[in-house]
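In case you want the letters, here they are:
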Amino acid sequence: MTVLTVAALTLREASRRRALLAVVVLTAALLLLSGWGFSRLAAESGLGTLTSGQARLAASQLLNLVMFGLSLIAALGTAFLAGPTLSGETESGIALAVLARPVRRSAVLLGKWLGLAAFGSGFVVLAGLAQCLVVLATVGYWPPRPATALALLAGQTVVLLTLGLLLATVVSPMASGVVAVGLFGATWVAGVVGGIGEALGNDGVARVGAVSRMLLPTDGLWRGAMHALQDPVVLARFGAEFDGFPFLGEAPLSAAYLGWAAAWVAMMWALTAVSFQHRDL
Amino acid sequence: MTGGTPPSPPAVRCSGLRRRYGRRPAVEDVSLEVGRGEVVGLLGPNGAGKSTVIKMLLGLVRPDAGEAVLLGRPAGDPASRARVGYLPELFRYQPWLSAAEVLALHVRLAGVTVPAPERHDCLSLVGLGERAADRVGGFSKGMQQRLGLAVALVARPELVILDEPTSALDPLGRADVRDIVLALKARGVAVLLNSHLIGEVERVCDRVVILDRGRVAASGTLGELLGRRELRLRLTDLSPEAQARLAATGDVRRDGDGFTVALPAGDDEAAVPELVRDLVALGVRVHAVEPARVSLEERLLGILRAGQEDAA
Numbered sequence: 000m001t002v003l004t005v006a007a008l009t010l011r012e013a014s015r016r017r018a019l020l021a022v023v024v025l026t027a028a029l030l031l032l033s034g035w036g037f038s039r040l041a042a043e044s045g046l047g048t049l050t051s052g053q054a055r056l057a058a059s060q061l062l063n064l065v066m067f068g069l070s071l072i073a074a075l076g077t078a079f080l081a082g083p084t085l086s087g088e089t090e091s092g093i094a095l096a097v098l099a100r101p102v103r104r105s106a107v108l109l110g111k112w113l114g115l116a117a118f119g120s121g122f123v124v125l126a127g128l129a130q131c132l133v134v135l136a137t138v139g140y141w142p143p144r145p146a147t148a149l150a151l152l153a154g155q156t157v158v159l160l161t162l163g164l165l166l167a168t169v170v171s172p173m174a175s176g177v178v179a180v181g182l183f184g185a186t187w188v189a190g191v192v193g194g195i196g197e198a199l200g201n202d203g204v205a206r207v208g209a210v211s212r213m214l215l216p217t218d219g220l221w222r223g224a225m226h227a228l229q230d231p232v233v234l235a236r237f238g239a240e241f242d243g244f245p246f247l248g249e250a251p252l253s254a255a256y257l258g259w260a261a262a263w264v265a266m267m268w269a270l271t272a273v274s275f276q277h278r279d280l
Numbered sequence: 000m001t002g003g004t005p006p007s008p009p010a011v012r013c014s015g016l017r018r019r020y021g022r023r024p025a026v027e028d029v030s031l032e033v034g035r036g037e038v039v040g041l042l043g044p045n046g047a048g049k050s051t052v053i054k055m056l057l058g059l060v061r062p063d064a065g066e067a068v069l070l071g072r073p074a075g076d077p078a079s080r081a082r083v084g085y086l087p088e089l090f091r092y093q094p095w096l097s098a099a100e101v102l103a104l105h106v107r108l109a110g111v112t113v114p115a116p117e118r119h120d121c122l123s124l125v126g127l128g129e130r131a132a133d134r135v136g137g138f139s140k141g142m143q144q145r146l147g148l149a150v151a152l153v154a155r156p157e158l159v160i161l162d163e164p165t166s167a168l169d170p171l172g173r174a175d176v177r178d179i180v181l182a183l184k185a186r187g188v189a190v191l192l193n194s195h196l197i198g199e200v201e202r203v204c205d206r207v208v209i210l211d212r213g214r215v216a217a218s219g220t221l222g223e224l225l226g227r228r229e230l231r232l233r234l235t236d237l238s239p240e241a242q243a244r245l246a247a248t249g250d251v252r253r254d255g256d257g258f259t260v261a262l263p264a265g266d267d268e269a270a271v272p273e274l275v276r277d278l279v280a281l282g283v284r285v286h287a288v289e290p291a292r293v294s295l296e297e298r299l300l301g302i303l304r305a306g307q308e309d310a311a
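Residue numbers (numbering that gives the first Met the number 0), protein chains in the order written: chain U, 0 to 280; chain H, 0 to 311.
One chain only, chain U, in its complex shape (with noise of 0.2 Å):
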């Protein structure tokens, strides 16, 4: 009961407060310019100056590179509000009120991470499935398997949420956003580095990326969902060429490693809990 009323209170926090409307804005300027690119590429193809193989590969690539963009704003946004809602309301006393009530802060923190979770995740699908409506409808190209990935920029989302609601519960509401993101993007780059280190085969480069996988899954995740969303026919024919690059998934995710990102969001969210309950308002 708690934990729903909490939720619906995070969800109406999160639409009425400034953050979705920058959003919001960033998406649709996202997708428009995204649109005129793809709109630019199909008239190239036409042009006869792609081949129609290179057009394909340049499309999928592209929308790996817009739904880096998607998942950025997604990971500012969630990591933003994580904080402000939690450490933001102990900080303001807004929290003093609610925590008087007969709850449970586990219960309070369940709800919070509900609802962010649910925006994060709901913003995350809606705009990677309007990004992938804009290329259908510009060069005609359908990711082949959408639904994976956007599950899994959304599982991408959440374990940043829940990396900004721990930060929340030990520093201020500002620093713990700007940690989340950077780690968010310092994961990003050391998986990079990982990619290279594989093409250049040395195995001490190409550890970084898999270590930072391991502490961070948003990476691992991301790379999952770009697999799924470019085309595998085109990939196995110029793949080799691309070694390395950045907004290419050579492999799709095992299940050991979902289950190690599953693993990782409860074992941080019961951190964030223990750390939640033990502290003084």
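It cannot be assumed that every hint is accurate.
As the list claims (entries may be wrong) - Quick list of the computed label-pair ranges, beta carbon to beta carbon:
#1 U:266 - H:170: 53 to 63 Å
#2 H:185 - U:279: 16 to 26 Å
#3 H:185 - U:169: 43 to 53 Å
#4 U:266 - H:20: 50 to 60 Å
Stated by the list, open to error - Covered, in the sense of this in silico footprint (three residues per stretch, anywhere, with C-beta under 8 Å from a C-beta of chain U), are these stretches of chain H:
#5 49 to 59
#6 87 to 97
#7 100 to 110
Stated by the list, open to error - Which residues of chain U face chain H? A partial, calculated answer using Cβ under 10 Å:
#8 4
#9 5
#10 14
#11 15
#12 16
#13 88
#14 91
#15 95
#16 98
#17 101
#18 103
#19 107
#20 230
#21 277
#22 279
The set of hints was computed from the structure by calculation and includes no laboratory data.
Yeah, the Cβ is synthetic: ideal placement off N, Cα and C, and Gly gets one too.
Position chain H against the provided structure of chain U, taking the given hints into account.
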């Protein structure tokens, strides 16, 4: 079975509450009790630990030692707060909600059903009836404190804890709070009131607990704390017999024609007229007779200064 319902446990009972922040003790061995329907004032200087005691009662701050029971349940159990209303000292409410939505939220969190008209009555009671649909973000500090009062009252509480409820209010608002507290008392709702405004406490509280540097410095009913009543007289033509009659009543201080006589505690109504009658019979000219009482403020300052001297 003897039949009948067992006496309800007190609204608040805590004993030996202790809390340190680092090496600094904030609360040391605080015990207090608030009976059902009783209004108890918590007084003390800044940093005396009043808010910390309140937060420990509500499970917002963990005590290092001691135990607290709210309405018969241990304070650590969320269910103990089911019938408790709380206005925090640092009050702020979801700025993106309207006043009516804030009340609806708190009613849901409290797990009770309160129909919308009753919630609206609660807003009207604190003077926000006209602003029910307005976003809290646009409210002034005073209006937010009024909203906080409505939040504390809305879920039909049996115990209301008010931490500095008038800090942001104008004189009219303070009078409203006083009326609300008295109305709660009339309905049998227990109130624990933390306030700097001694006059406020003196007017509404049955009992007072004075905290100083984390400890209970004094506690009791107003009568017990302010026990010493005095009588100020202006007299001339005072014979030795008349002086003896004055001294027989209580300690006498003299300042020219002015005499201050301490009346014994629990004194009956007859003492003053009898004294005046006897003085007149002894030929004393009585110019003025004025009952006086030590104010709570004087008493509080006396207790706190005595504590400082002890510590020095």
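Now for the hints, and whether the structure bears them out:
Checked against the hint of 53 to 63 Å, the C-beta distance between residue 266 of chain U and residue 170 of chain H comes to roughly 55 Å, which is consistent with it. Distance hint check for residue 185 of chain H and residue 279 of chain U: the Cβ-Cβ separation is about 36 Å, which falls outside the suggested range of 16 to 26 Å. A hinted range of 43 to 53 Å for the beta carbons of residue 185 of chain H and residue 169 of chain U is consistent with their spacing of about 46 Å. Our hint of 50 to 60 Å for residue 266 of chain U and residue 20 of chain H is violated, since their Cβ atoms are close to 30 Å apart.
Only when three residues or more bring their CB closer than 8 Å to a CB of chain U does the claim for the segment 49 to 59 of chain H stand; here the count is 4, and the claim holds. With 8 residues having a Cβ less than 8 Å from any Cβ of chain U, the segment 87 to 97 of chain H passes the three-residue criterion, so the hint holds. Closer than 8 Å: that is the beta-carbon criterion, and the segment 100 to 110 of chain H has 6 residues meeting it against chain U, so the requirement of 3 holds. With 10 Å as the threshold, the beta carbon of residue 4 of chain U comes within range of chain H, its nearest partner Cβ sitting at about 5 Å, so the hint holds.
For residue 5 of chain U, the interface hint holds, since its Cβ comes within 10 Å of a Cβ in chain H; the closest pair sits about 8 Å apart. Interface hint status for residue 14 of chain U: upheld, as the beta-carbon distance to the closest one in chain H is roughly 9 Å, under 10 Å. Interface restraint check: residue 15 of chain U against chain H, minimum CB-CB distance 4 Å, threshold 10 Å, status holds. At about 6 Å, the closest approach between the beta carbon of residue 16 of chain U and any beta carbon in chain H falls short of 10 Å, and the interface hint on this residue holds.
Annotation: interface hint on residue 88 of chain U holds; nearest CB of chain H at approximately 8 Å, less than 10 Å. Checking residue 91 of chain U against chain H by beta carbon gives a least distance of about 5 Å; that is within 10 Å, so the hint holds. Taking 10 Å as the C-beta cut-off, the interface hint given for residue 95 of chain U holds, the closest approach to chain H being about 4 Å. For residue 98 of chain U, the interface hint holds, since its Cβ comes within 10 Å of a Cβ in chain H; the closest pair sits about 6 Å apart.
Look at residue 101 of chain U: its Cβ gets to within about 4 Å of chain H, closer than 10 Å, so that hint holds up. For residue 103 of chain U, the interface hint holds, since its Cβ comes within 10 Å of a Cβ in chain H; the closest pair sits about 5 Å apart. A distance limit of 10 Å between C-beta atoms decides the matter here; for residue 107 of chain U the minimum to chain H is near 9 Å, and the interface restraint holds. The restraint placing residue 230 of chain U at the interface with chain H is violated, with a minimum CB-CB distance near 44 Å, outside the 10 Å limit.
Interface hint status for residue 277 of chain U: upheld, as the beta-carbon distance to the closest one in chain H is roughly 7 Å, under 10 Å. At its closest, the beta carbon of residue 279 of chain U sits 5 Å from a beta carbon of chain H; the interface hint therefore holds under the 10 Å criterion.
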